[in-house]
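Participant: Chain by chain, the residues:
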Amino acid sequence: MSKLKAVFAKQKAFIPFVVANDPDFEGTVNNVVALAEGGADIVEIGIPFSDPVADGPVIQAADIRALKADPDLPMDTIFDIVAEIRKQTDVPLAFLTYLNIVFQYGYEAFTARCAELGVNGLVIPDMPYEEHDELAPIAEKNGVDLIPLITPVSADRIEKIAKAATGFIYVVSSLGVTGERSEFANDLGDLITRIRKVTDVPTAIGFGIHTAEQAAEMTQLADGAIVGSACVNIVAEYGAQAPAKLKDYTQQMKAAISANPVG
Amino acid sequence: MTETNLNLNKNTTGRYGEYGGQYIPETLMNELDRMAKAYEHFKNDPEFKTELHDLLVDYANRPSLLYYAERMTKDLGGAQIYLKREDLNHTGAHKINNVIGQALLAKHMGKTRLIAETGAGQHGVATATIAAYFGMECEVFMGKEDTDRQKLNVYRMELLGAKVHPVTSGSMVLKDAINAALQDWTKRVDDTFYCMGSATGPHPYPLMVRDFQSIISQESKAQLKDQTGKLPDMVVACVGGGSNAIGSFANYIEDPSVQLVGAEAAGKGVETNLTAATVERGSDGIFHGMKSMFLQNKTGQINPVYSISAGLDYPGVGPEHAYLAKTGRAQYVGITDDEAVQAFEYIAKTEGIVAAIESCHAVAYVQKIAPTMRKDQIIICTLSGRGDKDVASIAKYKGVDIDE
Numbered sequence: 001m002s003k004l005k006a007v008f009a010k011q012k013a014f015i016p017f018v019v020a021n022d023p024d025f026e027g028t029v030n031n032v033v034a035l036a037e038g039g040a041d042i043v044e045i046g047i048p049f050s051d052p053v054a055d056g057p058v059i060q061a062a063d064i065r066a067l068k069a070d071p072d073l074p075m076d077t078i079f080d081i082v083a084e085i086r087k088q089t090d091v092p093l094a095f096l097t098y099l100n101i102v103f104q105y106g107y108e109a110f111t112a113r114c115a116e117l118g119v120n121g122l123v124i125p126d127m128p129y130e131e132h133d134e135l136a137p138i139a140e141k142n143g144v145d146l147i148p149l150i151t152p153v154s155a156d157r158i159e160k161i162a163k164a165a166t167g168f169i170y171v172v173s174s175l176g177v178t179g180e181r182s183e184f185a186n187d188l189g190d191l192i193t194r195i196r197k198v199t200d201v202p203t204a205i206g207f208g209i210h211t212a213e214q215a216a217e218m219t220q221l222a223d224g225a226i227v228g229s230a231c232v233n234i235v236a237e238y239g240a241q242a243p244a245k246l247k248d249y250t251q252q253m254k255a256a257i258s259a260n261p262v263g
Numbered sequence: 001m002t003e004t005n006l007n008l009n010k011n012t013t014g015r016y017g018e019y020g021g022q023y024i025p026e027t028l029m030n031e032l033d034r035m036a037k038a039y040e041h042f043k044n045d046p047e048f049k050t051e052l053h054d055l056l057v058d059y060a061n062r063p064s065l066l067y068y069a070e071r072m073t074k075d076l077g078g079a080q081i082y083l084k085r086e087d088l089n090h091t092g093a094h095k096i097n098n099v100i101g102q103a104l105l106a107k108h109m110g111k112t113r114l115i116a117e118t119g120a121g122q123h124g125v126a127t128a129t130i131a132a133y134f135g136m137e138c139e140v141f142m143g144k145e146d147t148d149r150q151k152l153n154v155y156r157m158e159l160l161g162a163k164v165h166p167v168t169s170g171s172m173v174l175k176d177a178i179n180a181a182l183q184d185w186t187k188r189v190d191d192t193f194y195c196m197g198s199a200t201g202p203h204p205y206p207l208m209v210r211d212f213q214s215i216i217s218q219e220s221k222a223q224l225k226d227q228t229g230k231l232p233d234m235v236v237a238c239v240g241g242g243s244n245a246i247g248s249f250a251n252y253i254e255d256p257s258v259q260l261v262g263a264e265a266a267g268k269g270v271e272t273n274l275t276a277a278t279v280e281r282g283s284d285g286i287f288h289g290m291k292s293m294f295l296q297n298k299t300g301q302i303n304p305v306y307s308i309s310a311g312l313d314y315p316g317v318g319p320e321h322a323y324l325a326k327t328g329r330a331q332y333v334g335i336t337d338d339e340a341v342q343a344f345e346y347i348a349k350t351e352g353i354v355a356a357i358e359s360c361h362a363v364a365y366v367q368k369i370a371p372t373m374r375k376d377q378i379i380i381c382t383l384s385g386r387g388d389k390d391v392a393s394i395a396k397y398k399g400v401d402i403d404e
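Going down the list, the protein sequences come from chains A and B.
Mapping the first sequence onto UniProt numbering, position 63 (from 1) lands on 63, and the numbers just tick up by one.
Mapping the second sequence onto UniProt numbering, position 304 (from 1) lands on 304, and the numbers just tick up by one.
Derived by calculation from the structure, the hints in this document are not laboratory data.
Being a predicted model, the structure only gives us computed values, none of them experimental.
By construction, the Cβ of each residue, glycine as well, lies at the ideal position given by its N, Cα and C atoms.
Cross-link-like lysine-lysine pairs, in silico, BS3-like; alpha carbons within 25 angstroms at most:
1. B:Lys37 / A:Lys160
2. A:Lys68 / B:Lys144
3. B:Lys268 / B:Lys151
4. B:Lys187 / A:Lys160
The calculated label-pair distances, taken between Cβ atoms and stated as ranges, are:
5. B:Thr327 / A:Glu116: 36 to 42 angstroms
6. A:Thr77 / B:Ser283: 17 to 23 angstroms
7. A:Asp72 / B:Ala395: 34 to 40 angstroms
8. A:Lys3 / B:Glu158: 53 to 59 angstroms
9. B:Asp45 / A:Gln252: 53 to 59 angstroms
10. A:Asp72 / B:Ala132: 43 to 49 angstroms
11. B:Asp148 / A:Glu116: 44 to 50 angstroms
The shape of chain B in the complex, shown without the other chains:
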């Protein structure tokens, strides 16, 4: 496996067209500036790059498999389907790619405490894991709603030595957890590094997270070339804030023949108010440190959002996704709860893979689109995480009683 190319995008200004920026309280500006400078330095530092590489290989179990889903391909009867198996990483999701990078940067900046927000809990678990590995203090902010639906991950974080704060402000989900983490950070910027989980927030986060997650498409491109000698025709990934999607897209953005599709959480339906389909339903705005697209009302109040998936119910999207959507380079499609749950069962029964409900939004789109494509065409679908954490809530959704 080759080292991650952290210089894929030469644009390091933090602006993606009109999107991006640093719309954040003054208290954090010096720290963000320090972070941006440190990142610019260390991403070209041979020692940092070697450390990052070694951790990705020896600790996170990279490269992840690019797996030809033969049964799914045959069943759907169209394009050939390859699954990028981020679910097989240590901690069970793509989140580890990013936290290794950010924690390593934090260590080099002399920080001793990591804080993080988490939705489904995967980013919190990944942060708690790397904090344990580096011997750093770790506190995770998680909406009360999410601590209730993801109890196993809460316990897992505690097991790893992290302190989990259930956030009871606002709608008690991911956006409120980010508010709480930002607020904690303003109180304690000296020793604390805010390890952000998605390609969102103020610069340099969208840039760093994209770079650290770009290993997904760096590998998949090389792996598919080895296996078929070709580029994919389409890459599909789920989008909440958009970290696994931007990582899955990054190395294909300059290849115009590759269609890029982000599967958003439509919840009960894109046209309903119980949705998290930001690109389809949202509009331009400024929130959580970035100019991007958000689900908001006419006054500019951020809307409560809904999805069965705790990892996708975020009212915004990373600024680079807003840019890719605006320029038409990527398409974003809404997948409902029902479709995602159906895909959860489908991929389990067809391929023997229990994938995260987040990832199943991408799988559901593949089920729709693959049959419309030719058999010589290729789709890469990123399985961003494994679905063990979702089994209980899917059972509940289906009305199955699994209480012991």
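Next comes chain A alone, as it looks inside the complex:
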């Protein structure tokens, strides 16, 4: 069974996100370890990209910071960051990456390296269902889940995407790009009901969640909550002190969602 899927069987999952190499190699390792210590169920690591079209200003800025020190930041350095993280924690990990990064490294080599390091899943915002055939069989062979995104406007695409999903399904809370929000699409419950009709692969809602109340509310509907920009803001604001803050934040978020019954 997928390691990611298994996470959701035990509890509602809190899935924080930070960008690799933001602010630097050591900082990323410390931040991810802190998130794991705080109780994160899965940590999503963003691979910085020059043109992150699905991301809002906060994550865009983090990508710029991550690439500023080293515009040629090799993928192998990011794999080294993961190797360093793995010395300290076995928390399940997923990469969020734009497809070109994976394409340039080579689909086989990339997913094989992920498997070696225990990166259990890939979220690729610019690889919709129609294009996943070029990567899916290779990822599957290497035991890496491709986490699909389903949005409030996916409509009749929901079933085919959900049926093909492994690991978990990333449910996009509302239209637009990533970033903190105060409102979400009001039919997320129906969306998740439709997903659950065709698959037992768990769901996690992301895009815009930043408060404990929102996380609690969203995990009444879904099996997990993904929080990106809020974590990235902490990294930006606190620098070397970020690990302690991220740990606190994760504990609060985790406490808020743990009140909800599993399943």
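Fit chain B to the given chain A structure using the hints.
Facilitator: Frame of chain A; chain B shown alone:
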């Protein structure tokens, strides 16, 4: 003038060999699918085709002239040079051909708001123009760098009722404007149609843009036949994303005797890092919704690009161009800033035509190649736009102070 043949290429899958596709966030997939289906339907709808035709003739001033450049021909002393005068279209560039088609499709799909990206501003002006004509809301995304070097076009768009957003993310040029337009679209897909300016992006854009721009070669083929009874030996057009080039090539792709040449912006030189010569310097990749060729580093980060021409400094090329390059059907050559500026002055003095700096990349190649060809051979060179917008920046490049 006959109606545009929108069924020139029977391959409507959105794949050009390994290139093309729809590598785009899920939020946009249903909308792209709707757009592709609507286009497949309306391109065979007699009423749509008549409307398109009437707008091209009565509003955009088509057909554009195929003009025998006698002085240039004589001066260069080789092949006969014909200029396809897209600069004489309403709004001053080939961009109007495409926006009329896309805006008409948007109208038939019930959309009320057009958004667009623009580099030099020509596509933004064309979109603002057609939005005014159809009474649609219009917002244009333009890199801050480009709003600074093309102030006149910014004002022109505002005059036409459009809202112009200077984009300050990334390198603040065309690719960043496309990012911003895509992001805006994901927020508001219901009433908004993203009117893409080049033959780039996810399917169906490369197909639609090629089809709407193919009027250029549909006309030039008929016009040259009328004037000389022959096919051209070579067709030359400038390539940024590649919309005027693909339109200039489209009706000749099946004629193997016609050499197709795209002039890319080499900036300070193909071998330098200040370049936008995607086909020569780039490699396969996935970006802006398409698998194609891009200027990128080894990790896959998209490189900043450079050209004197705001319309050509794009780090990618449309997927059909990548395919034509890969299969060898078309050749792509780099033209430097210096060569383009020299061509700008040359065609002004020789033919009395102030052509867009983008188009002058094609003219510069013609200057090089024509003397090597026989006098009975024929080159068609597309002048994609007029150069009024470039006068100030060329003066600056030459160190001439024209401030009032």
